[in-house]
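S.K.: Listed here are the chains, written in short residue letters.
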Amino acid sequence: NAGVTQTPKFRVLKTGQSMTLLCAQDMNHEYMYWYRQDPGMGLRLIHYSVGEGTTAKGEVPDGYNVSRLKKQNFLLGLESAAPSQTSVYFCASSNSGHHSYNSPLHFGNGTRLTVT
Amino acid sequence: LAKTTQPISMDSYEGQEVNITCSHNNIATNDYITWYQQFPSQGPRFIIQGYKTKVTNEVASLFIPADRKSSTLSLPRVSLSDTAVYYCLVALGGRDDKIIFGKGTRLHILP
Numbered sequence: 064n065a066g067v068t069q070t071p072k073f074r075v076l077k078t079g080q081s082m083t084l085l086c087a088q089d090m091n092h093e094y095m096y097w098y099r100q101d102p103g104m105g106l107r108l109i110h111y112s113v114g115e116g117t118t119a120k121g122e123v124p125d126g127y128n129v130s131r132l133k134k135q136n137f138l139l140g141l142e143s144a145a146p147s148q149t150s151v152y153f154c155a156s157s158n159s160g161h162h163s164y165n166s167p168l169h170f171g172n173g174t175r176l177t178v179t
Numbered sequence: 007l008a009k010t011t012q013p014i015s016m017d018s019y020e021g022q023e024v025n026i027t028c029s030h031n032n033i034a035t036n037d038y039i040t041w042y043q044q045f046p047s048q049g050p051r052f053i054i055q056g057y058k059t060k061v062t063n064e065v066a067s068l069f070i071p072a073d074r075k076s077s078t079l080s081l082p083r084v085s086l087s088d089t090a091v092y093y094c095l096v097a098l099g100g101r102d103d104k105i106i107f108g109k110g111t112r113l114h115i116l117p
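Residue numbers (my numbering), protein chains in the order written: chain A, 64 to 179; chain B, 7 to 117.
If you're looking for bench data, these hints aren't it; they were derived computationally from the structure.
Beta-carbon label-pair distances, calculated as ranges:
#1 G105(A) x N31(B): 13 to 23 Å
#2 P117(B) x E142(A): 40 to 50 Å
#3 E23(B) x K133(A): 40 to 50 Å
#4 T70(A) x N31(B): 32 to 42 Å
#5 E142(A) x Y19(B): 43 to 53 Å
#6 E23(B) x T83(A): 43 to 53 Å
#7 K109(B) x Q135(A): 22 to 32 Å
#8 F45(B) x Q80(A): 24 to 34 Å
Beta carbons: idealized from backbone N, C-alpha and C, even for Gly.
Based on the sequences and whatever the hints tell you, model everything.
M.R.: In structure tokens form, the structure reads like this:
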């Protein structure tokens, strides 16, 4: 039981390049989330999904797109990377989106992205 | 959206008890309070969750007064390995599926 797995762990992009970050969970969770974390900052929600085939915007969605074609996978795409997107990206999943009792978030270990 | 306020940073010494207080003045009736711990280069991990009074597990205790406008995470006899960022979150009571984190409290344990 791996929990939440993020791929890749590290990546360096040049401005204007595109890439996709993959998040996979094996807990049959309905809800999945993408966050970014910048130095000295907390986590900021980019996009989230309440189930297969659904996505919604979070706090900082601009410059990112997401897809949830399969329940276990949540993809985060950067179509044209910018230096401001240099960050650590965390994926999380939960059984219940509104943080009900005994349904906490399970996080992956992050993807460190640098855009030069 | 229930906003939370917690200290930006705290220092303590090994072996002491550490209490981190979180304010959530506009918590809703059916909201839960949840705390996460984040070590450097790792994703946050769940520590404890509660609704009212006191909850205790093998890691921490959570104290919630009757008005539920604040909560206190208590870490007994901390060690250097408890150095981390601690986040207080208030559940959104089903009104919204967004789960928003604040900046957390950076706890630094000194030898």
